[in-house]
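Read top to bottom, the protein sequences are chains A and B.
Numbered per the working numbering, the first sequence spans residues 180 to 295.
Numbered per the working numbering, the second sequence spans residues 320 to 429.
Keep in mind the hints are simulated off the structure, nothing from the lab.
Possibly wrong hints are sitting among the right ones.
[Said to hold, decoys possible] In silico DSS-like cross-links for lysine-lysine, where the CA-CA straight-line distance does not exceed 25 angstroms:
| id | chain 1 | residue 1 | chain 2 | residue 2 |
| --- | --- | --- | --- | --- |
| 1 | B | K322 | B | K371 |
| 2 | B | K322 | A | K219 |
| 3 | A | K215 | B | K373 |
| 4 | A | K197 | A | K215 |
| 5 | B | K322 | A | K220 |
| 6 | A | K220 | A | K231 |
| 7 | B | K388 | B | K322 |
| 8 | B | K373 | B | K388 |
| 9 | A | K201 | A | K231 |
[Said to hold, decoys possible] Which residues of chain B face chain A? A few of them, derived with a C-beta cut under 10 angstroms, are:
| id | residue |
| --- | --- |
| 10 | S331 |
| 11 | G334 |
| 12 | N376 |
| 13 | T418 |
Note that this is a predicted model, so its numbers are computed, not measured.
From the three backbone atoms N, C-alpha and C, an ideal C-beta is built for every residue, glycine too.
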Amino acid sequence: ETGVTQTPRHLVMGMTNKKSLKCEQHLGHNAMYWYKQSAKKPLELMFVYNFKEQTENNSVPSRFSPECPNSSHLFLHLHTLQPEDSALYLCASSQEGPGGASYGYTFGSGTRLTVV
Amino acid sequence: LAKTTQPISMDSYEGQEVNITCSHNNIATNDYITWYQQFPSQGPRFIIQGYKTKVTNEVASLFIPADRKSSTLSLPRVSLSDTAVYYCLVVDTGRRALTFGSGTRLQVQP
Numbered sequence: 180e181t182g183v184t185q186t187p188r189h190l191v192m193g194m195t196n197k198k199s200l201k202c203e204q205h206l207g208h209n210a211m212y213w214y215k216q217s218a219k220k221p222l223e224l225m226f227v228y229n230f231k232e233q234t235e236n237n238s239v240p241s242r243f244s245p246e247c248p249n250s251s252h253l254f255l256h257l258h259t260l261q262p263e264d265s266a267l268y269l270c271a272s273s274q275e276g277p278g279g280a281s282y283g284y285t286f287g288s289g290t291r292l293t294v295v
Numbered sequence: 320l321a322k323t324t325q326p327i328s329m330d331s332y333e334g335q336e337v338n339i340t341c342s343h344n345n346i347a348t349n350d351y352i353t354w355y356q357q358f359p360s361q362g363p364r365f366i367i368q369g370y371k372t373k374v375t376n377e378v379a380s381l382f383i384p385a386d387r388k389s390s391t392l393s394l395p396r397v398s399l400s401d402t403a404v405y406y407c408l409v410v411d412t413g414r415r416a417l418t419f420g421s422g423t424r425l426q427v428q429p
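Just need the whole structure built from these sequences, with the hints factored in.
Have a look at this one:
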């Protein structure tokens, strides 16, 4: 257990379904991230939240909708996904220090998403 | 962002020392180097980080020459459980998020 918990670990959904991924961090960090890792591709940064405010959105399609109700929880709401969205979705957290540097960057174990 | 280049894959045998070199020719003065390990279907895990010279912890050593244009991760006496992807990252101290490259896939054979 890394201190960052993601649920569910596996998810299969149809293209017309709506589902949500959940991430919870128990490290007292103030920044949280969503990454996508497709097969044989590098991790792609999707969203960045700092103190519950979204600070980065890397041109992610609107069918992915993040929500950060507090510094400990992060959600990724999914709707009308495509088969090519099947991937490992990873959540991470860190503590932002002076000047925007990040410390203690920690990943969860991910949610393996399959869109059918 | 400083781009990193590392071998796509490496093979080794149990008990050997493995050195993975990463080049980062345009590293900035305030950047530091960090290495992560990732097993299949898991998130990356921090291994080691440094700014210059040599850093050692219970898992690995990191060698950074004076010009800082490259770094070498050294894994002493690898075992089968060290089979994983290893990522070299140059961290911009003014940016929150980490940017990952393709990493080096290390396969350890018995």
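Taking the hints in turn, this is what the structure says about them:
no. : hint               : verdict
1   : K322(B) to K371(B) : holds, 18 angstroms
2   : K322(B) to K219(A) : holds, 19 angstroms
3   : K215(A) to K373(B) : violated, 33 angstroms
4   : K197(A) to K215(A) : holds, 18 angstroms
5   : K322(B) to K220(A) : holds, 16 angstroms
6   : K220(A) to K231(A) : violated, 29 angstroms
7   : K388(B) to K322(B) : holds, 11 angstroms
8   : K373(B) to K388(B) : holds, 14 angstroms
9   : K201(A) to K231(A) : holds, 15 angstroms
10  : S331               : violated, 21 angstroms
11  : G334               : violated, 28 angstroms
12  : N376               : violated, 15 angstroms
13  : T418               : holds, 7 angstroms
Hints 3, 6, 10, 11 and 12 from the earlier list are contradicted by this structure; the remaining hints agree with it.
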